[in-house]
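Visitor: Next come the chains, spelled out residue by residue.
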Amino acid sequence: MMRRGDGSLVFFTVLSQWSVGIVVCLAGIAVSGSPVPNTGSGPANPVLLALLLVVAATTASFLHLGNPLNAPRAMRNIVTSWLSREIFAIGLFTVCLLTTLVSGRMPGGSDTYPGYLLIACSLAGLFLVWAMARVYRIPTVPSWDSGFTLLGFLSTSLCLGLATLLLFDATGVFSLVGGMRTSLAALLVAVLLLETGAGFVNHYRLARMDTGMAGPRFSSGFFSTLLRVRSAMALVACLALLFVLRLEPFSAGAALPWLLLAAALVLAQAFAGRVLFFASYFRLGL
Amino acid sequence: VRDGMIRRIETDDRPGDTVADPQLRACMRGRSYRHRQDHPDRLKYPMKRTGERGAGEFRRISWDEATDLVAQHLVRVREQYGNTSLYIPYGTGSYNQLGGKWPADRLLNLFGGALGYYNSYSWACITPATISVYGTDETGNQRQDWLNSKYIIMWGWNPSEMRDGTNSEYFLKEARKKGARVVCIDPRMTLSAVAHADEWIAIRPGTDVAMMSAMAYVMITEGLYDRDFVQRCCSGFDASQMPAGREDEESYSDYILGARDGQPKTPEWAERITAVPRDVIARIAREYAAADAAVLYQGYGMQRRAYGEQVVRAGCVLAAMTGNVGKPGGWASGIALQAGGGPFWNIFPVLENPVKAQIPSFLWTEAVLRGPELTAQQGLVGAERLPHGIKLLWAVASNCIVNQHANINRTVGIVRDESLLEFFIVQDQFLTPTARFADLVLPACTQFETWGVEDGWKYGEEVLLQPQILDPPWETKSDYAICAAVAEKLGIAQEYTEGRDEKQWVSALLDEYRERRFPELPTLEEFEDKNLGVYSRPVEEPQVAFREFREDPENHPLDTPSGKIEVFSELLFARNQPGEVPPVPKYIEEWESPFEAGGKKYPLQVIGPHFMPRVHSTFANVDWNREAFPQRVFINPVDAEARGLRNGEKVRVFNDRGSLILPCRITPRILPGVISIPQGAWWQPGDEGDDIGGAVNTLTSERWTPYAFGNAQHTIMAEAEPAERQK
Amino acid sequence: MSRSAFFFDSAACSGCKACQVACKDKNDLPVGQLWRRIYEVSGGGWKKQGDAWTHDVFAYNLSLSCNHCEDPICATHCPTKAIYKRADGIVLIDRDACIGCKYCAWACPYGAPQFNPHSGVMGKCDLCADYVDEGRNPGCVDACPMRALDFGDYDELVEKHGESGHVYPLPDPSITGPSIVIRAHANAGGDEARVSNIEEVA
Ligand SMILES: Nc1nc2c(c(=O)[nH]1)N[C@H]1C(S)=C(S)[C@@H](COP(=O)(O)OP(=O)(O)OC[C@H]3O[C@@H](n4cnc5c(=O)[nH]c(N)nc54)[C@H](O)[C@@H]3O)O[C@H]1N2
Ligand SMILES: Nc1nc2c(c(=O)[nH]1)N[C@H]1C(S)=C(S)[C@@H](COP(=O)(O)OP(=O)(O)OC[C@H]3O[C@@H](n4cnc5c(=O)[nH]c(N)nc54)[C@H](O)[C@@H]3O)O[C@H]1N2
Ligand code: SF4
Ligand code: SF4
Ligand code: SF4
Ligand code: SF4
Ligand code: SF4
Ligand SMILES: [Mo]
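Chains as they are written, first to last, in my numbering: chain A, 1 to 286; chain B, 1 to 727; chain C, 1 to 202.
Okay, chain A solo, but in the shape it has when bound:
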């Protein structure tokens, strides 16, 4: 089971990765030629949504600290500590988002986000996800110290980003051209399936480990149950997406409930996956 205090890290990682996922997807569609409007307000503005998510994430991370007043010192060990680097990356990413957001509000600016800013944001975001994954690659923590950590973080970003985009599309914040919509939905299904498969492979890897003194037991109970629930959620989400893909002709009204269901399940399975991740902690030795 998870240790006390790790809950805030579940929120921190999932929310910030969601944020990164949104920006990466925006950059993707911008590159492919679709304009990303900056006119929406509140959550209907995708960049603002990303910013709100990262701010919420950072707030959650503070709850994890025993002594948040000292937080400004947390970048002091950038030379050896990935946690320092992660914090640096969070800052960088936030600044990029702010810049992008402000760019759209400049008098006389266009009503779409410039692609180069979105690309800068997503590069900063990807660096953040990478740094975040590195934080957990502690040589003494075999359950975390594997490629599955980065894979999991990236797929969480992507799934949540894609699901958000599809919702924006269905709610008319902006509209994707037909081919794009289909590819994105198909991509989401593919990533979900990949993530689910990876989850099982990783579980198999963990279940064969000697988890030491008080380590978790993977082969039964909490772990295998939650893993199954999580996979089921992912698969149902896939089914909902496949249903949407087969709507002919596409109607936002008919698709929306299914997309909402899929998005909710994607989010829920992301949280479940992260709970599994933190609960899998055990270290070598004592």
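It should be emphasised that the hints constitute simulated quantities derived from the structure, not laboratory data. Fair warning: this is a prediction, and the values are worked out from it, not measured in the lab. Any given hint might turn out to be false.
Unchecked claim - No more than 20 Å apart at the CA atoms, straight line, and that leaves these computed lysine to any residue pairs for SDA-like:
(1) B:Lys530 / B:Tyr513
(2) B:Lys178 / C:Arg147
(3) B:Lys48 / B:Leu524
(4) B:Lys48 / B:Gly30
(5) C:Lys81 / A:Ile78
(6) C:Lys47 / B:Pro603
(7) C:Lys81 / A:Pro72
(8) C:Lys102 / A:Val79
(9) C:Lys102 / A:Val141
(10) C:Lys81 / A:Val79
(11) C:Lys47 / B:Glu199
(12) C:Lys48 / B:Glu641
(13) B:Lys177 / C:Ala186
(14) B:Lys178 / C:Ala186
(15) B:Lys177 / C:Glu163
(16) C:Lys102 / A:Pro72
(17) B:Lys601 / B:Glu721
(18) C:Lys102 / A:Arg137
(19) B:Lys503 / B:Leu524
Since the structure of chain A is provided, determine the placement of chains B and C with the ligands on it from the hints.
Guide: Just chains B and C with the ligands now, with coordinates in the frame of chain A:
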């Protein structure tokens, strides 16, 4: 010390730490004393009972009222029933000559006396049994002599946990470094077994005499015993040396070889009883007999059992058979007080008790319940009969009324009855399970809050000064000051105090120690000037008990009827109870055992060993100690599985006398069929009648041993089940 | 001194916890904080042979604090540099710099750094640096009735007591280079060894 609080405990840090004069290093309890000292639950004021006895409801009163009450009731009970109805029970809470019960003893002795007691909860059997063999209780060499030993059997002895005199475990370690092989025989793989033993032999509790007898069998049949020594120094070993007039009695060899009962005490026979493999028994017999000089050290747990006298005697006989008596590196076994004189139990002048009647310390419940019925049959000495039962009980530094006495449910029934026990005073530092039953609670201060002095427990060559470093907090007073205040009310203040306060008494007692034991002992002024806490005398040349006797038994006879080592005991013979008090040591099946029919109903043997985090019930409420060693039922995986128990789960242990609920620890470190519930946890009756504090005395029996009238609190049968299942 | 270190004689340790409590007393540690803690390892089992019980049960103890490692993984990962190594090798936590992120506790394979919810920062054995600076032994070392603990320079301790035995459940010493010389108990290495007092150490 800072701001009236102790900041840190530092113990003996005298430079140099040698075998002759090692530092006295505290155990974890000494280390945690600060959390006992500063405990929020300390008794702060005198209190008078307002609710039922045992309900724990009290009202704060003044010292004036409190001492008045004590004086009034003392006078009333003396007038109504006589001094034999006053009683200060056994209690070990204070190791300070000016603390605990000594000051109260002095007071009552000046007041015309009180019913006395003899023996103890600690050594009830081992002391008289040792004396029955050797005529003395000073059968031990000084411990430094263990370094001369080649083979050491820790038989039911667990010095790492119960210490048995500071540094016992250190001397053992040094002996082992010098090549001694160490074997531990105990139902549990104790802390000592881990730290000291080359081998752990798991024995079924209460069956040690069977193994000892089989060892004797091997030594006799294989001719391994020290014939010369036995011939010169023993009496009653075989038919050739039976005392005059006892020629027809069964000798020890007769018993071992089965000459009369037809049962040779072979290792096969013993295996069935002890669960120890026969080849192991035979091997240990051979190893012990072959070793140049060997120690068979007997712990006290196995004599706190049904026929506790026998195991002590059987061990002493093995020591004699192997010729280990009176030689360096050897050990005569038995109680083994230090040869040449060890620590005094009592040096504070408690004065002579004008009342000559004494009961065995364990039988006070009977003296409350049916005092006038007691006779020599129940161990009453100094009087034919008692005119009345105990009417006033003043427990000082004792939790022996409820928690530490056997069969708590029975005991509290007796103590609750105000027609039997008319007035009950408890003088302690906490509201212990005993104190909850008091009519009057008197708050004593701790050893840091008054002056004290002591010279060690059982072993050691030292005097420990206990200077006062804090003022008594709240309205607490030292045990001495409390008694002095009562003396004042009784009009005997001058006789009582001789004009001295605690510090002046300490100074006087140091003079006494100097005169009687340590000629070099500094005076109090010197102690203070040099900031000394301990005086110790290095042991360069350890004393060896019975050295002269061994060399020349005729001219240095023992203080036994025969002057020899009494394998056949005249004292026991005189009891004329051969079934339960045989004159040669015999294995007798315990009155509760896995072999008897009742064993089916209650198949598990329970032992209640002395536990690291506590001294009995003292420290039971200290957080650091509870964290380090939580109270548990320790149970073997075999027994746990049979009962569907999971590690850490709550288990209910019960027999006809009571039940308790505790989490279990499943551990292979205990023999199957045996569970361990460390003694001393505070009794805490729950709503359903179970003791949820986990005091093993909920399960123990008040039945006493036949010869010594001692407590047999380790002899228990019970059953265990998951606590949830039965509810 | 170049590399301050502990020696621990597992063969002599009874598991009495005098060292643990002496440490708590010196550092005023609340329940739950065990800068020094004792792991009880046991294993083996029982067989009924006729009327006898035979067993291959074994047990030993490990008294551990922080090992003031050569390569302190705790310090590598600490984002604030609150953990640092003194010239004499003592690894210390600057409580004023710590943010309580618990990263060091995740990483240390000895369970040494322990988060103190009362103060919000990490604590761990400081090798009694104050005593060491006065030329005294650490509190736990002088508390041990079995004299199973010693303190000194790593190389000198190796010379004095012999090589280390990093037995189960200790991690591979090459991970952090712990400055502790251990004499293993003769029982170490038995089958199915496991820590049997987890609730007392974690
Ligand atoms: N930590 C601690 N130390 C103490 C005390 C304490 O309460 N706590 N109390 C002090 C006092 S007052 C006393 S009297 C002494 C008591 O010291 P002991 O009486 O020697 O201590 P016990 O734990 O009762 O028993 C010692 C060992 O005997 C084992 N044992 C029990 N029954 C049998 C048996 O039938 N056969 C064999 N072979 N072994 C058996 C137990 O498993 C235990 O390991 O300790 C003193 N030291
Ligand atoms: N089942 C079972 N029961 C046993 C045993 C066993 O092996 N098994 N062992 C028995 C043995 S050997 C013994 S010695 C007894 C011990 O039993 P007790 O002598 O009752 O010992 P404690 O339980 O430690 O209680 C001592 C009390 O003294 C108080 N105290 C401490 N210091 C002072 C002081 O300076 N002044 C005053 N007034 N009070 C103070 C403490 O708070 C504590 O409540 O238990 C016996 N009970
Ligand atoms: S409890 Fe006993 S062994 Fe422990 S420090 Fe005190 S006197 Fe010494
Ligand atoms: S034992 Fe752990 S906390 Fe101590 S120095 Fe080594 S890695 Fe750091
Ligand atoms: S908890 Fe404190 S000491 Fe540990 S890594 Fe974080 S900042 Fe450093
Ligand atoms: S060296 Fe000091 S701080 Fe470290 S474990 Fe020992 S007593 Fe505790
Ligand atoms: S004080 Fe010594 S014997 Fe006791 S647990 Fe600590 S290291 Fe082991
Ligand atoms: Mo005792």
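Visitor: Work down the list of hints and note, for each, if the structure agrees.
Guide: Going down the list of hints, with the structure as the test:
1. B:Lys530 / B:Tyr513: holds (19 Å)
2. B:Lys178 / C:Arg147: holds (16 Å)
3. B:Lys48 / B:Leu524: violated (38 Å)
4. B:Lys48 / B:Gly30: violated (32 Å)
5. C:Lys81 / A:Ile78: Status holds; Cα separation ~9 Å.
6. C:Lys47 / B:Pro603: Holds, because 19 Å separates the two Cα atoms, which is no more than 20 Å.
7. C:Lys81 / A:Pro72: holds (12 Å)
8. C:Lys102 / A:Val79: Measuring from Cα to Cα gives roughly 19 Å; hence the hint holds.
9. C:Lys102 / A:Val141: holds (14 Å)
10. C:Lys81 / A:Val79: Holds, at roughly 10 Å.
11. C:Lys47 / B:Glu199: Holds, at roughly 17 Å.
12. C:Lys48 / B:Glu641: holds (15 Å)
13. B:Lys177 / C:Ala186: holds (14 Å)
14. B:Lys178 / C:Ala186: Within the cut-off at roughly 17 Å; holds.
15. B:Lys177 / C:Glu163: Answer holds: B:Lys177 to C:Glu163 is near 18 Å, not above 20 Å.
16. C:Lys102 / A:Pro72: Satisfied, since the Cα-Cα distance of roughly 16 Å is no more than 20 Å.
17. B:Lys601 / B:Glu721: holds (13 Å)
18. C:Lys102 / A:Arg137: holds (15 Å)
19. B:Lys503 / B:Leu524: Roughly 9 Å separates the two Cα atoms, so the pair holds.
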